[in-house]
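*Asks:* Each chain is listed here by its residues.
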Amino acid sequence: MAMTMAGEQLLAAPQEKVWAALNDTDVLKACIPGCETLDRLSATEFTAVATNKIGPVKARFKGKVHLTDLDPPNGYKISGEGDGGIAGFAKGGAVVVLTPKDGGTLLTYNVEAQIGGKLAQLGQRLINGVAKKLADDFFVKFAAAVK
Amino acid sequence: MPAVSMTVNGKAVTADVDIRTLLVQFLRENLRLTGTHVGCDTSQCGACVVHLDGIAVKSCTTLAVQAEGCTVLTIEGLAAPNGPLHPMQEAFREHHGLQCGFCTPGMVMTAVDMVRRKGNELDEKTIRHELDGNLCRCTGYHNIVKAIAAGARAMKGA
Amino acid sequence: MSATGIGAAVRRKEDLRFITGKGQYTDDISRPGETRAVFLRSPHAHAKIKRVDTKAAAAMPGVIAVLTGADLAQDKIGNLICGWMIHSKDGSPMKMAPHPAIAANKVCCVGDQVAVVIAETLAEGKDAAEKIKVDYEVLPAVVDAAKAQSAPAIHESAPKNTIYQWHLGDAKAVDAAIKSAKHVTRLDIVNNRLVPNAMEPRVAIAEYDSGTDNLTLWNTTQNPHVARLVISAFVGMAPEHKLRVIAPDVGGGFGSKIFIYPEEVVCLWAARLVGRPVKWTSDRSEAFVADAHGRDHITHAEMAFGEGGKITAIKVKTIANLGAYMSTFSSSVPTYLYATLLSGQYDIPAIYCEVDAVYTNTAPVDAYRGAGRPEATFVVERLVEVGAREEGMDPAELRRKNFIKTFPHQTPVIMNYDAGDYGASLKKALDLADVKGFDKRKRESERAGKLRGLGYSSYIEACGIAPSQAVGSLGCGVGLWESAEVRVNPTGSVEVLTGSHSHGQGHETTFAQLVSERLSIPIENVSVVHGDTDKVQFGMGTYGSRSGAVGMSAVVKALDKVEAKAKKVAAYMMEAAEGDIVFKDGKFTVAGTDKSVAWGDVTLNAYIAHKFAGSQLEPGLKEGAFYDPTNFTFPAGCHICEVEIDPETGNTEIVGWTAVDDFGTVVNPMIVEGQVHGGVAQGIGQALLESAIYNAEGQLVSGSFMDYTMPRAENLPSLKVDTTMTKCPSNPLGIKGCGEAGAIAAPAAVVNAITDAIGSEDLAMPATPPAVWAAIRKAAKMQKAA
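Chains as they are written, first to last, in this note's numbering: chain L, 1 to 147; chain R, 1 to 158; chain W, 1 to 786.
Fair warning: there could be bad hints in the mix.
Okay, derived cross-link-like pairs now, DSBU-like style, lysine-lysine, Cα gap no bigger than 30 Å in a straight line [said to hold, decoys possible]:
1. Lys-58(L) / Lys-106(W)
2. Lys-133(W) / Lys-29(L)
3. Lys-29(L) / Lys-131(W)
4. Lys-535(W) / Lys-64(L)
Just so you know, the hints here were simulated from the structure itself, not pulled from any lab data.
Based on the provided sequences and hints, a complete structural model is requested.
*Replies:* Here it is as structure tokens:
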């Protein structure tokens with residue numbers, strides 16, 4: 001019963017600039033909610049630490065982020081798996097597609113996420129709301145970053 | 001570790017506690033007042049209800065340091081030492097309002113608070129509604145409801 | 001009847017300590033030098049454990065040890081076992097997969113133990129558990145019983161995740177009856193998975209004394225002696241005489257505290273390793289994933305009817321979800337505690353039941369209040385009710401027609417019912433529930449825009465578990481007798497030691513009532529001792545509504561011996577023949593004379609031993625007995641539920657509940673009524689509110705009191721509770737047992753009432769407002785289409 005969510009965001013920046021930002025560690029680090037570190041291991045691999053709260057459970061996730069299905073400058077799939085220790089785990093991914101629109105760029109995304117352990121036991125009810133909020137937070141910051 | 005001072009069942013107590021210590025842990029582990037119980041970790045079951053400055057609180061969601069300077073009453077202090085039982089305690093026994101006894105201290109403390117807020121004449125509907133924060137798995141609440149109604153009336157004369 | 005004897009509503013002796021906060025539950029105990037155990041549990045439902053790195057955790061402040069499944073295996077600590085052997089229909093034994101107390105190679109459900117931290121404090125233990133690093137290789141999970149047999153095997157030893165394929169009854173006779181039936185009622189039923197949720201979470205404290213080599217375990221258990229036996233003989237922790245198990249006040253069990261759990265084994269093992277007491281207290285979140293769950297059946301059932309509504313056969317196919325591992329008595333629940341009750345209260349010539357038990361990546365499932373019998377009652381009572389509706393018969397009349405009326409009655413499924421009057425309980429229930437006035441009430445509800453329905457449940461259960469030889473022949477690994485010892489003090493007061501265990505049932509009162517009546521001594525002069533293997537020699541514990549029927553019968557046997565010995569003493573005191581002594585009203589009298597001595601004189605003389613020589617009689621007055629029942633007992637009755645439903649919201653309100661039960665002799669009507677209240681509440685909980693839900697990945701998403709709907713005071717009605725009485729002929733007191741009846745009877749009564757109100761049988765438990773709302777709409781749509 002993975003959580004799925006789709007959305008789109010119109011960004012006031014050309015597609016190339018958006019694509020570059022999507023591949024910029026500093027931009028991603030600044031935009032991912034609760035992100036403490038994001039270190040590039042290779043062109044498509046990062047390690048990350050992020051702290052997030054789902055309902056009553058707050059967890060510090062440590063994990064890897066992968067970029068796949070790279071299609072510059074039209075999109076990629078970003079996926080990650082985070083180990084939240086005793087709180088459980090979270091994993092998921094987003095297919096991101098960029099298309100030019102109205103002089104800017106339309107970013108559409110399809111997210112699939114899964115949580116496990118105590119996070120799921122206590123937070124499953126809240127996961128959709130939390131995921132929506134995290135996505136909103138990300139895109140507000142991301143839109144500002146590419147302006 | 002901060003020091004915390006409060007009055008528990010009429011006695012002044014002071015202790016150094018880890019800042020994350022819950023009031024229920026302080027009562028059970030530091031003071032060895034084990035009549036207050038822990039039945040859940042989401043503030044739902046009410047086995048941990050005590051009175052803080054005369055008002056019922058769930059001691060599992062209260063930090064010990066929040067009770068600084070407060071007066072705490074637990075089930076152990078409800079009746080005077082070597083005195084007669086509190087009318088609500090007596091009513092629970094008389095009406096078989098307990099079986100395993102684990103939820104009972106919280107039920108009794110909640111019931112006494114209910115009387116404070118709602119008066120001595122409590123109808124079944126009110127009692128059932130007011131028990132929303134107290135879970136019992138043994139009695140089906142039938143006799144708890146009867147006990148609280150009777151205990152509330154008995155408190156009027158007490 | 002004396003004021004404190006059998007049949008009196010004596011106020012409970014144990015209550016004083018509970019209402020004053022002086023109860024001693026396991027978590028209230030603190031041992032000098034105590035350490036705390038914190039378990040790291042799997043967040044995955046199914047995964048290989050590739051590596052467990054405990055280095056960082058071991059270096060954390062306050063950490064004494066971090067232990068893993070590999071350490072456990074190295075110390076040759078044995079696996080947990082299931083103690084009831086079931087054979088498949090092809091003769092092969094059930095597939096019991098290894099169940100280590102800490103997982104070593106793979107985890108099979110969320111909550112499986114992966115490591116344990118032993119630390120100075122709970123907080124330090126929790127902090128350290130955060131630092132354990134586990135590499136998992138996640139495997140696909142299966143959670144549904146229906147999908148288990150086509151999913152990859154969880155355990156190598158159980159292909160197709162099938163534990164056994166068992167059957168009972170005569171398939172040919174049933175098929176023939178169905179073929180020639182006038183009408184056949186068919187139902188698909190899901191018996192929803194429940195979490196027992198006794199209000200006291202489980203706790204274990206283990207202590208090792210290196211000077212004596214003795215291990216002590218304080219544990220929230222319903223049967224301390226069985227725990228000691230299994231932990232000694234199978235887990236191999238310590239010889240039986242070197243292990244003491246103490247079950248102090250226990251805050252509810254409902255079955256979930258029968259079983260031998262991994263955590264208590266780990267605490268014992270760790271206590272010896274670290275040389276200090278080890279305490280583990282489950283929090284509620286842990287309890288949800290680590291306690292055994294209940295029910296979880298998928299069933300297809302058929303009932304064949306002949307002329308005039310005569311039931312001619314029942315055919316049942318059930319898949320029972322036993323979870324990730326076989327818990328202590330899990331195998332018996334969907335077999336001998338289930339299929340054997342499919343005759344209900346009815347004379348049914350042919351019955352056949354097939355049960356497949358399967359592994360899934362969920363918490364183990366075992367006995368929960370009623371254990372198998374609620375599932376059986378739900379099948380039978382739904383079939384009967386729906387059958388009556390389909391045949392246009394009054395459901396009460398259809399039941400009455402088919403009731404067993406002569407006893408003993410041998411059913412086609414093992415049980416031999418010894419006594420009962422099912423018509424009497426039905427009649428009394430019909431009167432008390434004012435069924436005659438139902439139509440009028442229904443019309444009033446309709447005027448207010450509400451739907452009203454009435455549902456019956458004429459249940460039967462097999463309790464007083466159980467004759468040892470009989471259960472042995474069915475695969476049970478132990479005997480199910482009970483022991484008692486009656487110790488009379490020189491001053492005449494009495495201690496009763498029993499192997500039964502009270503975790504809310506009030507044995508300290510009811511057992512004392514029995515002694516008070518029999519010896520005519522004040523009830524204050526009787527104490528009941530239980531729950532300690534060092535005090536009580538042996539016992540089988542409390543479950544299966546057995547304490548009255550079996551435990552008290554053992555006390556009766558011991559009292560018989562005490563009386564016989566006391567008569568000898570009295571005979572020497574009065575210089576009379578032993579055969580002439582009569583014991584009545586607390587006095588020993590020489591028959592036909594006015595010569596008598598009082599109870600207290602006799603008990604004193606038994607100990608001072610001045611009136612007889614050692615060559616004539618042993619001093620003292622203490623007798624023990626073991627009572628092995630000769631049959632199950634068969635409590636039965638009729639519960640009637642009346643509901644009112646708001647069709648706009650689907651909300652069901654129970655507006656009337658009538659319970660009329662035949663429990664045989666009632667020792668304390670106040671306590672018996674309380675047992676019915678509690679049982680009914682759990683049954684209503686199953687029918688309307690409760691459900692343990694795993695998502696497809698095996699995460700328990702109803703894993704807290706925020707999501708798992710426990711019945712609250714506002715969800716439940718006031719209950720009308722009454723009894724009828726036919727004595728149980730197989731035990732000396734005539735007791736049948738009352739602990740499980742409510743939970744067995746209630747679900748069918750509720751669902752029968754709701755389906756009556758909404759006019760559709762297409763409704764699964766729990767009948768939550770959205771489920772009822774959807775069922776109402778679906779039925780309306782289908783009616784429109786038709």
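*Asks:* Each hint should be assessed against the structure and marked as holding or not.
*Replies:* Here's how the hints hold up against the structure:
Only pairs whose Cα atoms come within 30 Å are accepted, and Lys-58(L) paired with Lys-106(W) is accepted, the gap being roughly 27 Å. Proposed proximity of Lys-133(W) and Lys-29(L) is supported: the alpha carbons are some 25 Å apart, at most 30 Å. For the proposed pair Lys-29(L) and Lys-131(W), the alpha carbon gap of about 25 Å is at most 30 Å, so the pair holds. Of the pairs offered as hints, the one joining Lys-535(W) and Lys-64(L) is violated, with about 58 Å between alpha carbons and a cut-off of 30 Å exceeded.
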